[in-house]
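Sequence order for the protein chains is E and D. For the first sequence, the numbering used here assigns the number 502 to the initial residue and increments by one for each residue that follows. For the second sequence, the numbering used here assigns the number 257 to the initial residue and increments by one for each residue that follows.
If you're looking for bench data, these hints aren't it; they were derived computationally from the structure. Here the structure is a predicted model, which is why all the values come from computation and not from measurement. Be careful, since some hints might not be right.
As the list claims (entries may be wrong) - According to the in silico footprint, chain D covers these stretches of chain E (three or more CB under 8 Å from chain D):
no., region
1, 517–531
2, 539–551
3, 677–684
4, 727–736
As the list claims (entries may be wrong) - Reference excerpt, derived from the structure (chain D facing chain E, CB under 7 Å, subset only):
no., residue
5, 307
6, 406
7, 453
8, 454
9, 461
What the hints assert, rightly or not - If you want the footprint, here are the derived chain D segments under chain E, 3+ residues with CB under 8 Å:
no., region
10, 294–301
11, 330–339
12, 347–357
13, 441–450
14, 470–477
For glycine and all other residues, C-beta sits at the position ideal for the given N, C-alpha and C.
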Amino acid sequence: MSAGSGRLYVAVAAGGFRRYATYRAATAAGVFTNTVFGLILVYTYLALWDEKPQLGGYDQAQAVTFVWLGQALLAALAIGGGGFEDELMERIRTGDVAVDLYRPVDLQLWWLAADVGRAVFQLLGRGVVPFVFGSLFFPVALPREVSVWAAFLVTVVLAMVVGFALRYLVALSAFWLLDGTGVTQMAWLAGLFCSGMLLPLNVFPGALGDVVRALPWSSLLQGPADVLLGEADPLGTYLFQASWAVALLALGRLVQSAATRRVVVQGG
Amino acid sequence: MAEVAEAARTGVRRGRVVEGVRAYGLIAGMWIRSTMAYRTSFVLTAFGNFAMTALDFVAILLMFSRVDALGGYSLPEVAFLYGLSGVSFGLADLAIGSMERLGRRVRDGTLDTLLVRPAPVLAQVAADRFALRRLGRVVQGLLVLGYALVVVDIDWTAAKVLLLPVALVSGAGIFCAVFVAAGAFQFAAQDASEVANAFTYGGTTMLQYPPTVFALDLVRGATFVLPLAFVNWLPASYVLGRPYPLDLPGWVAFTPPLAAAACCALAGLAWRAGLRSYRSTGS
Numbered sequence: 502m503s504a505g506s507g508r509l510y511v512a513v514a515a516g517g518f519r520r521y522a523t524y525r526a527a528t529a530a531g532v533f534t535n536t537v538f539g540l541i542l543v544y545t546y547l548a549l550w551d552e553k554p555q556l557g558g559y560d561q562a563q564a565v566t567f568v569w570l571g572q573a574l575l576a577a578l579a580i581g582g583g584g585f586e587d588e589l590m591e592r593i594r595t596g597d598v599a600v601d602l603y604r605p606v607d608l609q610l611w612w613l614a615a616d617v618g619r620a621v622f623q624l625l626g627r628g629v630v631p632f633v634f635g636s637l638f639f640p641v642a643l644p645r646e647v648s649v650w651a652a653f654l655v656t657v658v659l660a661m662v663v664g665f666a667l668r669y670l671v672a673l674s675a676f677w678l679l680d681g682t683g684v685t686q687m688a689w690l691a692g693l694f695c696s697g698m699l700l701p702l703n704v705f706p707g708a709l710g711d712v713v714r715a716l717p718w719s720s721l722l723q724g725p726a727d728v729l730l731g732e733a734d735p736l737g738t739y740l741f742q743a744s745w746a747v748a749l750l751a752l753g754r755l756v757q758s759a760a761t762r763r764v765v766v767q768g769g
Numbered sequence: 257m258a259e260v261a262e263a264a265r266t267g268v269r270r271g272r273v274v275e276g277v278r279a280y281g282l283i284a285g286m287w288i289r290s291t292m293a294y295r296t297s298f299v300l301t302a303f304g305n306f307a308m309t310a311l312d313f314v315a316i317l318l319m320f321s322r323v324d325a326l327g328g329y330s331l332p333e334v335a336f337l338y339g340l341s342g343v344s345f346g347l348a349d350l351a352i353g354s355m356e357r358l359g360r361r362v363r364d365g366t367l368d369t370l371l372v373r374p375a376p377v378l379a380q381v382a383a384d385r386f387a388l389r390r391l392g393r394v395v396q397g398l399l400v401l402g403y404a405l406v407v408v409d410i411d412w413t414a415a416k417v418l419l420l421p422v423a424l425v426s427g428a429g430i431f432c433a434v435f436v437a438a439g440a441f442q443f444a445a446q447d448a449s450e451v452a453n454a455f456t457y458g459g460t461t462m463l464q465y466p467p468t469v470f471a472l473d474l475v476r477g478a479t480f481v482l483p484l485a486f487v488n489w490l491p492a493s494y495v496l497g498r499p500y501p502l503d504l505p506g507w508v509a510f511t512p513p514l515a516a517a518a519c520c521a522l523a524g525l526a527w528r529a530g531l532r533s534y535r536s537t538g539s
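Taking the hints into account, I'd like the entire structure generated from these sequences.
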């Protein structure tokens, strides 16, 4: 990538950030809702860990931290929906995507940049306040070393890329299905269930736990959480996340080129 | 049509209610017909709705795969709470869940179209894009409630049997009031419709767990401020034979209809105030 195109994608990301920054009331509403849901979840987790201390290898403070981390990352990683994919699907459905394909930019990188801009805004605008609220009012397990926080931030960036790559595939399905409602819904279900949003993956019983931990969605919440809580080796987590990111982005390119040929067919 | 308009303008309050129900029925019927034009799509989205809701219960099942009790309640008891809350909320969501689109209508000015029609605005907004797929949520709640009733250990009396349908209908009324109040709030804060989710979806999520799980202040708030406890915690405490955490007397288990009526009246006032404050975008 040349310096010029690098600047272009940075500008696209900044645009994605600014675009979401304009919805101030919606952001405030999101902060409120994430805080309320965090509050409800924290009490259920406390009851669960009261019944079984050290469940899944976490103590109570770690479980509480996990809840607030989930609320902080939910919107940023669009685990329950709300990313760029609805817009791309609409452009595919209406055929506007043909115009995008003729632009001298890479379609996948363009949307990745825009989505990372959105994610960074959602993390700062929607994520930080519920997390700080939770840390002030509940017993949490936060690392003191700056290095752990830095390692955690790297996993969050990788999580953003994995999350994007998954949703890019979901969006591309619109080339074949036109109406992507069903696929989007299934992707949310898989995301909520397999990322740890529903319950930390280390609480899942037996083989089910092993399977969900190996799937790409565990990069979204479980991976970053375990690095922050000191339960996982950062390098191993990076490797896991990066492998899924590369594999899914490559698959996205493959599907995209198949889809693009289809556009030409439709256009002709 | 002219008589309808005349009746709507000059009609007494009772006439307004009848007119509202009629308008709601007509609009909802229209949306059902349009939904049924794509039956496969309806079945799929209804299933999606079902599956999305079921995820909450899956979480509870996963929790109980590792423990025997939560807040002192067994799985059948939690399922009983879950079923009551799920069905009540599902019915309210089916009836007027579309209210959450109001903010968008205020923002883009399309609410004006509804204002000039000779039917109550609340009925029109509530029936707007009536989504039959939300039956998926009701069905999911009914299945869990059915499972709970089969496995839970209850000394059934006539009063307990009678209380169940009363609690379900009152609970739906309370959640409807929350939806309407949230709609009224959107006149003031058009972009902030997500705040409503904290009370609707958040409320039903909280009620899926026993009151003993939560801090006392939270239980007090859900009893005396936003009386969600009347949806299931209070009647269920009576049916399951458990003392209510705030030491309330046993007869409050029978007051959900009163709580629902009070909530609906307050929500109605809020709605009127919201509608009066509406300023069109002019576009």
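So, going through the hints one by one against the coordinates:
Residues of the region 517–531 of chain E lying with their CB closer than 8 Å to a CB of chain D number 7, which satisfies the three-residue condition for coverage. With 7 residues having a Cβ less than 8 Å from any Cβ of chain D, the region 539–551 of chain E passes the three-residue criterion, so the hint holds. Look at the region 677–684 of chain E against chain D: 3 of its residues bring a Cβ nearer than 8 Å to a Cβ of that chain, three or more, so the hint holds. Counting residues of the region 727–736 of chain E whose CB lies closer than 8 Å to any CB of chain D gives 0, so the stated coverage by that chain is violated, three being the minimum.
Look at residue 307 of chain D: its Cβ gets to within about 6 Å of chain E, closer than 7 Å, so that hint holds up. Nearest Cβ of chain E to the Cβ of residue 406 of chain D: about 24 Å, over the 7 Å cut. The hint is violated. A distance limit of 7 Å between C-beta atoms decides the matter here; for residue 453 of chain D the minimum to chain E is near 5 Å, and the interface restraint holds. Evaluation of the residue 454 of chain D hint against chain E yields a held restraint, the C-beta minimum of about 4 Å falling below 7 Å.
Given hint, residue 461 of chain D at the interface with chain E, holds; its Cβ is 6 Å from that chain's nearest Cβ, closer than 7 Å. As drawn, the region 294–301 of chain D meets chain E at 3 residues by the rule of a beta-carbon pair under 8 Å; at three or more, the given contact holds. Using a Cβ-Cβ cut-off of 8 Å, 0 residues of the region 330–339 of chain D lie near chain E, which falls short of the minimum of three, so the contact claim is violated. Residues of the region 347–357 of chain D with a Cβ under 8 Å from some Cβ of chain E number 0, which does not satisfy the need for three, so the listed coverage is violated.
Restraint check on the region 441–450 of chain D versus chain E: 6 residues with Cβ-Cβ distances below 8 Å, three needed, restraint holds. With 3 residues bearing a CB less than 8 Å from a CB of chain E, the region 470–477 of chain D meets the requirement of three and the coverage assertion stands.
In terms of the numbered hints stated before, the structure departs from hints 4, 6, 11, 12, listed from lowest to highest.
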